[in-house]
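Construct the entire structure; sequences and hints are all you get.
The sequence shown lines up with residues 2 to 62 when you count with my numbering.
Since the hints were derived computationally from the structure, they do not count as laboratory data. Among the hints, erroneous ones may be present.
Unchecked claim - Simulated restraints, written as ranges between beta carbons of each label pair: (1) I12 to G34: 19 to 25 Å; (2) D46 to G22: 35 to 41 Å; (3) P8 to N43: 33 to 39 Å; (4) K35 to P8: 27 to 33 Å; (5) I12 to H38: 34 to 40 Å; (6) D46 to V23: 17 to 23 Å; (7) G4 to D46: 28 to 34 Å; (8) N43 to G6: 20 to 26 Å.
Positions of the beta carbon are idealized from the N, C-alpha and C atoms, including for glycine.
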Amino acid sequence: MFGIGVPELLIILVIILIIFGVGKLPQIGSALGKGIHNFKQNVSDDGDSPRKPTEISDKER
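As structure tokens, then:
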């Protein structure tokens, strides 16, 4: 996983705790989880939903 081991992950976690504090950690985790979920949902969108055209060319008129 990107060459990051357990010691590096622990150091990153400690830095995050120092910067944001323990109180904000649940909010940050929730926002991060929602962002990842939305990203995966948009990436896996197979085009079932109709999309409106952004620009109509002269040929289509």
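What hints, given by number in increasing order, does this structure fail? Failing hints, ascending: 5, 6 and 8.
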